[in-house]
Structure formats: C-alpha cells, structure tokens
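Here the protein sequences come in this chain order: P, U, Z and W.
All residue numbers for the first sequence refer to this note's numbering, where the first residue is 1 and numbers rise by one.
All residue numbers for the second sequence refer to this note's numbering, where the first residue is 1001 and numbers rise by one.
All residue numbers for the third sequence refer to this note's numbering, where the first residue is 2001 and numbers rise by one.
All residue numbers for the fourth sequence refer to this note's numbering, where the first residue is 3001 and numbers rise by one.
Honestly, I wouldn't trust all of these hints.
Below, computed lysine-lysine pairings styled on BS3-like, alpha-carbon distance capped at 27 Å [unchecked claim]: (1) K3015(W) - K3120(W); (2) K1018(U) - K1437(U); (3) K66(P) - K3015(W); (4) K1207(U) - K1437(U); (5) K1361(U) - K2048(Z); (6) K3130(W) - K3012(W); (7) K1361(U) - K1429(U); (8) K2048(Z) - K1546(U); (9) K1355(U) - K2310(Z); (10) K3147(W) - K10(P); (11) K1207(U) - K66(P); (12) K3127(W) - K3179(W); (13) K3012(W) - K3120(W); (14) K3147(W) - K3015(W); (15) K3100(W) - K3182(W); (16) K1024(U) - K1546(U); (17) K1355(U) - K1506(U); (18) K2310(Z) - K2281(Z); (19) K3181(W) - K3120(W); (20) K2281(Z) - K1207(U); (21) K3120(W) - K3147(W); (22) K2281(Z) - K1355(U); (23) K2048(Z) - K1437(U); (24) K1032(U) - K3179(W).
Since the hints were made in silico from the structure, they are not lab data.
What follows is each chain in one-letter form.
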Amino acid sequence: MSGHHISSAKFLWGIGSALFFLTFITVAASWVHFPSPWNIVVAIGIASVKALIVVAFFMNLWWDSKFNSMLFVMSLIFFLLLIGITLLDTLFRVDPVPSF
Amino acid sequence: MATTDAPNIKRLQVRRFKPEESPKEHYLNAEKGLWSWLSTVDHKRIGLMYFGSIAFFFLFGGILALVLRTELLTPTQSFIEAETYNQIFTLHGAIMIFFFLVPSVPAALGNFILPLQLGAKDVAFPRLNLASFYIYTIGAIFTLIAIFTGGIDTGWTFYTPYSAETSSNVIMMTLGIFILGFSSILTGVNFIVTIHKMRAPGLTWNKLPLNIWALYATSIIQVLATPVLAITVLLLAMERMLGIGIFDPALGGDPVLYQHFFWFYSHPAVYIMIVPGFGVISEVISTFSRKTIFGYWAIALSSLAIAFIGFLVWGHHMFTAGQSSLASMVFSFLTFLVGIPTGIKIFNWLATMYKGSIDMKTPMLYAMVFLFLFTIGGFTGIMLGALVVDIHLHDTYYVVAHFHYVMMGGMVMAFLAGIHYWWPKMFGKMYNEFWAKIACGIIFIGFNMTFLPQFIMGAQGMPRRYYNYIDQFQPFHQFSTMGSYVLGVGFLIIAAYMIHSLLRGKEAGSNPWGSRALEWQTSSPAPHHNFEHTPVIINGPYDYHKPMSEFQLGIAHSHNGHHEGEKVDVETGTAQEKA
Amino acid sequence: MNRLTEYMLPPARSTLASETDALFHFINVTSIILLVGITFAILYFAWKYRRRSEDDVTPVITHNNKLEITWSVIPLIMVMIVFGWGFSGYMNLVTPPDDAYEIRVEGASWNWRFFYDNGAVSVNELNVPVDRPIKLIMSSTDVIHSFYVPDFRVKRDVLPNRYSSIWFEATETGQSVIFCTEYCGEQHSNMDGMVNVMSQDEFDTWLESGNAVDESVPPAERGEALVSQNGCNACHSVDGSSGVGPSFAGLWGSERTFQNAEPVTADENYIRESILESNAKILEGYDPVMPSYQGVINDQQIGDIIEYIKTLE
Amino acid sequence: MSDTSGVQDKPKHLKHYFVDSDQQFEASKMGMWVFLVTEILFFGGLFAAYIVYRSWYPELYIQASTELDTFWGTVNTAVLIGSSLTVAMAIRSAQLNQIKGLITNLWITISLAFVFMVIKFFEYTHKFDKGILPGEYYTYEGLAHEKANIFFSIYYMMTGLHGIHVIIGIGLMLFLVYKAKKGVFSSEYYTPVEITGLYWHLVDVIWIFLFPLLYLID
C-alpha cells in the first residue's frame, strides 16, 4: 500500500514549527538591506525552501510514487520556461528612440 | 487493471474469447431514453455526444467559412457589411479552433477508443468525464449567447488593445472560452490517469498502441498549456471590467506581453489539435498495410518530443510584433527543431507502407491524402519559420493557406480517417464504400482549389482579414471561392452516406478490417463494459505476423464471461504484470 | 520552375528584396522536390504493394537505424541552413544604415500619417527619394497596426506604447502599395496607402511645396483636396450617405446633439474642435473612433476645409 | 471486472471499474496532482506578469511595496501555515480512524482560513479608502511613479485570485465536515480528505511565494 504514509503528530508539529521559523527568517531578511540582485535571491530562496518542505512532507511527495513528484517538477520547468523565454524578449528590446 | 505492484512474472490462466459477431446487447441499447444518454458515465456514449456536438460546430463554422468566401468574390462589398464580415471571420476562427479542432480527436474519438485500446472498463474518472462534456456545453452556450447578442470582431486571437476597447461583447466570449478550457484540462487529467493506472494485464509501455502515445502527449500539452490561456483570458476580462492596465498602453501596460501569454497556449494548442491526428494515422496506415509499424519508438517518442518542443516556439507568431531580435532568433531556431520529429513521423509512415499489403479502403485513402496535404503544410511551415521570409509573409494569405493545410489538410483528414476507421466499431454498421471514395476525391480537389491560390495570393502580399482588397487579387479569390463550394459539397456527401449508414447500413462484423488492435477484439458495437473478459496482452499492437487468436486472450475464469469460448492452444500464457 | 516562384512574388523594388526572394525560391524549390518524392513514394507503394489476397504475409521490419538517422540528420542540416540564411537576412533588415533619412510615421485608426523633418505632413502618401536608405520611426495613436510594403518586403507592427522602426532603400521610382496587416477594427481593409518613390530633386521640390499655400486656387477647392488627401472621405461622406462618421452634407449651421456634451450649432469652433480633439463631442449613434489630427492639419488648412464644408448642402 | 484472487466482498466505496481500493486511491491522487499542475501554471501566468513588470519598473515596485503592511502580511502567512498544519493533522486523524479528531482539525482549519480572509478584507478596505484601486480607478497620489497602478493591478489580481482559491478551500472543507459527520470517512476510505488537503497545501505554497514577492521588497 504505497501511498498510505502516516506521519506522526510530533513530526507534523516539527514541520509546522520549521515553517513558522522560516517565515520569521524571511521577514528578518527583509530588514537587512541586501544589494539589489541578492535581496530577490534570498527571498526566493527562503520561500522555495518553505515550499519544498510543505510539498515534500505535508503533501507526502517524499513517500509518494515518483510520478507525482515528476509531475510537480514538470510544472515548475514549464513555468520557468514561460518566464525565461518571455524575458528573452522583454529584457532585450531595442528602442529606436527613447520611448514614452 | 494492473493489480500487484511488484513487477514479478505472474502466471495467468488464459483462454481465447472470440468476439460475438452480431451482439443483441451492446452499449447503444443497454439503456433506453434521453435521460440514460444525458446522465451516462459510459465513455463510449460521452464520446458520441462529443461527436455530435463537434459535427454541429463543424457545420456551423463551415457555413461561416462559405459566407466569408462568398463575400470575397468581389473586391468591394458583395452582400454583407464590413462589421458583419469582421465578426464572421472571428467566429469562424474561434468556433473551428475551440469547438471543433481542440476537442475533436481527443474528446470524441479519444473518449470512445482509449479505454477500448487499453482493455479497461472505463476512463479513470467517468463522472469527471461527463462533467467535462457538460462544461463544454456550458462554454458553448456562453459563446452562442455572445454570438447572438452582438458578436465579436476582434479575431480569434483577441489582441489587445483593440479587444480591450471594442464595443463587441468580448467578455461573454472569453468567459465561454475560459469555461471551455476546463473541459480540455479535465479530459487531459482523465486520459493521463487512465493510461497510467488502468491498462489491461500484460499491456506494458512498449505494447501501447501509438494512438495511446499520441493521446498521452496531447493530454500533457492540454494540462500544461490550457491554464495559461485561462489566466490570459481572465486578465483580458479584468482589463475590460476594471481596466487593470497590464495590457493597456495608456496605463503603462504592454500589448506584446498579451501576445506572449496568448501564444504560449495557442501554439501548443495547434499541437493539441494535430498530435492526436498522428495517432489515428499510425493506426490506420498500419492496419490497412497489414504490416507492423516501422520505427515504433521513433513515432512514440516524436509525439512526446513535439509535445515538449511545442512549448518553446510560440514566438514565431510574433516575428513582426516588435519582439527583440534575440528572441526572434531563438524562436526561429526552435521552430525548425520542432519540424524534425514531424518529418520523422512522415518518413516512418511511408516506410510502414513499404512492402505492406495495402488495402485501399476509405480510411487509407484519407490517410494518404493526409500525408500529401500535411507535407505541404509542413514545408510552408518551414518557409514561415525562416525569419526574413516571415517578415514578408506574416499576416498574409500565405499564413492562412499554411494553417488551413496543416489544420484542415492534416487534422480534418486524420479525423475523417478516424471516423471511417472506427465507424463499424461505434455503430456496428458499414458505410457505402463507393460514395465514401467519391466524397474523399471531391474534398481533395475542393481543398486544393480553395487553398493553393491563397499561397500565391499571400506571397504577392494579400493581407489577412481583409474585407476589401485590390483588384490584382480578384481572380485568386474567385477561384478559391469556387473551391470552397466544392469542399462544402464534399462534406455534405459524407454527412449523407453516414446518416444512411446509421439507418440502413449493412451489418459490420467485429473486425471488418482484420486489425490486431485490441478495440477490434470485442464485438461491435462494443458491450456496455467493453470486454466480456479481462483481456490479456502478449503481443505488440501491430504484430500482423502473429495469428489473430493470440490477440483475443482473456483471463480464463473471469466470471463475468457469459459464454464458453473454445479451449485455446496456449495452455497458460505468461503475462508480465507491471504497476 | 523559377518562372512559377517569380510569378508568386511582387516586383522587388528595394535593395533587400532580392535576398528575401532568394531564400523564398530556395525553400520553394527544395520543398517541391521533396514533395514530389514523397508523393511518388505514396502512390508507388499504394500501387505496387496493393493487397492481392486476404492472407498476404508482410515482412516484419520494425526499424532500420541507418535509414532513420539519415532522414533525421539530413533535414536537420537543411533546416539549419535555412535558419542561418533567414537570420542573416533578418539582421540586415533590422539594422538601418546610419545615414538613413528619417521619417516619422503615425498609424491611426484607418489612415497613415507621415511627418518629414522639415515639418511637411502627408496622409496615406509616403513620398521618398530613390536610391537612398529611408528609416521610418513608427508609433500608433490607438490600437496595434502593422506597416507592410510588399514591394520592399518590409513589415513591422506599429505599437501604441513604443516606437518601432524599419528601413528600406527603394531601387526604382514608381508607386508601391502600403497595407495594414494587423487587424485594427472595422476599416482595417481600407487602411492602405501609397509609397511614391521619386528622384531626389523631385522629392526636394515636393518637400518645399508641401506646406506652401497655392493662392490661385479658391479656399473651398483647396479644402476639397485636403478632405480627400487626409482620408476624411474614408469615414465622412459628402453626399449624405451614412458611413463610419457623420456625413458633411448639410453639416454647416445645423443643430448637433451629442452623447457627451450640450447640443451646439455647427460653426467654425465646433468643426475646428472636432478636427483637433475629435472625441470631445461625439454625435448620437456614432462611436468615438476618430483619431485626432493635431499636428497633422494646420490652421490654414482647417480654414480651407471649413470653406469647403460651407459649400456642401 | 473480476479480481484475479477470486471473489471477495467489495468495500462500499470501491467503483466497479477499479480492481481494488488501493488502485482507486492512487488514481485519485495522481488525478489531483495533475490538476495541481494546472493550478501552478494558472498562477504562473500572474507571476510571469509580476516578473516582467518588475524587470521594467524596479523602482516602482520598491516604492509601491511600502504601501503594503508587512506586519499583517506576516500574520497572514503564519495563519495560512497554521491552517496547512491543521489540515495535515486532519488527514492524519482520518488515516487513524479518529473521526472526531478529523472534524475538530477541519473546523480549526476553516476558522484559520476565515481569519486569513478577514485580514485580507481589512487590508483591501484600508487601501480602498486611500484611493488605491485597481486599474483606471486608481486615484492615489502618494507615489511619484506615473505607472503606479500597474503594481497594484498585479497585487489585486494575485491576492484576489488567491483569495478566491481560499474561499473555494473553505467550501470544500465544509463539505468534508458534512460528510465526516455522516460517517463516510474511515481509515479504509479517506481519499476526499487527502485530495482537499493537497489542494489546501498548494494554496498555502502559492501564498508562501506571494508574501515575499509583494510585501518584502526592500
């Protein structure tokens, strides 16, 4: 019975407190002024860690069949693809005259 | 029906179940009355309901096309106003794409055939399947309301800022398409889970029919691309209602960003439309050449390759739209990559016909017409992929001819091949072979008469969506309009002999084409729960060198087997079972 | 074969047109060769391997790696050639030479306006000197249009929030049609203009005379010429028939009721205001689609147009 | 369809076209995960718009995010993470056949979600009073940037769409409580609870990304 992992209450509370702690960290990080590209990297990094914890342990992807994890990773790949190639256009536009 | 998850070799007691030739009891007369149809969860009935609504919308879109062509007979006004013409070409595009092409093979033929080819009793979520049909119907109702209360004149692409400013009711139409998107998503969800979880014992991934691979690739595209259309249409509606200004230049938005979002869905959408057609063509060519498919894995993986690369190329619709040169270069390069798997498929089908025993029945005729027309569509796609030529040809009739060759020459021919191929399985009746061939010839001639001149006209610079045009293009338009009438007549002939076949067609056996595919190993029309037995698969789907009896195996004591098939020489087949 | 593809293309009237045509011919020729090959294969196989009896036995050929690799690699090489060729042509097309003569273009709902560097303005008529690179800097006043001259093989979308530019160098004098190829509303198909390619001195004389007022012609007649030059007759008829905009016949001195303003009698101020701020007063039953002619029609020309409207009963 | 291991009494919830409840459970979970993929891409479109406009107008984002109250944002994040925790506990108690624990956990989750919506409501009304409305109704002069309404349009689209998903989550969980009270769920059959749990966790994950991107831009 592969999909029926039951995690213990202590484990779930541990994950919950980790998430609360990381929330505090991300807010604390916003008080410290990081130079321009790094503040985004830190914010996204912490948020990604939190998201991975929720997805892996609350949503049982850690013990689930590999196909579901692959689905989740595929959706991220296609999301990054949408952004990456769109930025290829929006960041490299050449304006013949300084525009509006 | 994959049971245990440990991939060990499990011995199955198998027996041969010959399909019943003219079944009294089948899914059509299992339950009677309109309510039994409207509330059915049988994938075959849902497939037929989709088939009916798709035929209606194809007729509706086709009539609109004939009105457009008739208006273009003269350079100035023939019989309708500019406003009406703009609405009609918008509706022709939107109805043909969203209501006919996207759902046609996945929802109509796919719903009917997928569980049969998998040996399953039904799709994974039958109620969800019925829900997606009703979502399709609700979406259609909203769109028809939009059409009859003022129409839309923005083109099926709804480009902002025009779509945000025009007074025609864009919101009702986009709401209809928003709802329709969910029907497409839910069909995709259903098919992915069914293919993964509900295959018959022994049906491993390398024995899957290529039609299943094509539907699998299509479902992946449907699931990954349609949500972006949903958010684009939602943003457009918010643009019109709250003026959120993301696409409105006056408020600092960028209309080209709308085009990025729109084409991120709409190019994969053209692969949603064509890849299932590839699946049908693989089945038809292999059955009527009575030969094992050439390059099974090449065709299966090229479907997945098209599904993936299809997501990278959307920018080739925007070469002239003020896109950065870097983006245009990347999109042009990737567009050429997506052409390669399509080319591989064409060559593999040709190689399948080599040294086959080709039976020139109507489905095979349509498959060959498909090969010819789709190859022309493919080459003109390469032409439009080259950057400098696309600058000249973009938004001209060359593009109109290209996508009609690919969509109508490719998808509609494959859909017709699929209908004629599975018609006996759906209704248990044959159609008139002579008239079917006549209709195929008329459609081929009419189609080329309509769209070949448009290539020439487009290269000479005739822009798209033009109500008035300069006199230089009149002879082409007139020739093209004549062709569209011939095309219309061709489709009417099909409708005629198909209805005749429904009423008084002669009885078709369970396997009129002698195919080894699993859906032909049950009676036609199929029983309510698809198979009298639990089918066991030991051969590949196209192993014509194996006797027919090896394709009709089922688990020996599946107690719902109503009748005793004779003992099979294969005492105990070994079926490898995998989760 | 070349005659067919020659026939398919409009006359090449710019320096870069020949490059586009060359790639167009190359792709056409290779496609037709491959298409004939594939069609022959289909028909030949269908005939040679037709089913002779129901129990024909066909050979089991599942794949042939050598063949499959060749028909993957060769098309890949050919499309890469086409890609490289297309991209190099594209780079020439989008990088204008530095000494190009700049003309400002404004796409409005259903006409093109051209502003030359000495202040001259022309509507739907682009006058350019021959054998000289011209750079058009384009923007739109409302929705997206697309500036397309088939004879020069150039096309670029004209965006409302950004400038976009194209360049060309006409090789022979004559007239070439301009199309709008991005759907922009009801009169999208009437939005065509004309490029008049003239010799250099003809162009210079036109440039000077562009704004000079020809005193010998009475104002009403000049007004009539201005009404047709600026594309007013595309939407406003002069004989009372209905069009996108209200007809000019009987306009002078008539009582006008509006959707968004108080009724007023049609006098000089009303006509001037309707030309310059066209959406200030919208007549009953009409859409606010008229673009403003601010900077396109100067005061002298407005006076002539008003004289002409007075003559229309 | 027969089961190869002979006839056994079928559990009530098992559909006839599935072989056993394990296959049905895995199929439902896979179906839910495919649906979650569409949700991720649905919100992905909005994140793409956010990133494109942030790359064009970075200084606008920095100015405009000062208008958002970080304190209430943090509280909302904590509330949503808490509700994610309690929904996980609810699933656990369903798996262990503790139906009372399932119902109480669900009620806590619903109330936390309700608190989240109330905080959002106050944030919105506070902005409406200051004239920060989406799109062309934006009349706030506090920001120097002339394209300021773009940030708030994206803000309203993201948080609005997320809010709608929270409301749908509340509806689903109320339906679960109703079914739990009727005793439908047991350790044998708790698929709907697991499915709604997955959906709720995804709504929480989306907020986890929304919070830093909108509130914590410094």
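Q) Checked against the structure, which of the hints given earlier come out wrong? A) 1, 2, 4, 6, 9, 10, 12, 13, 14, 16, 17, 19, 20, 22, 24
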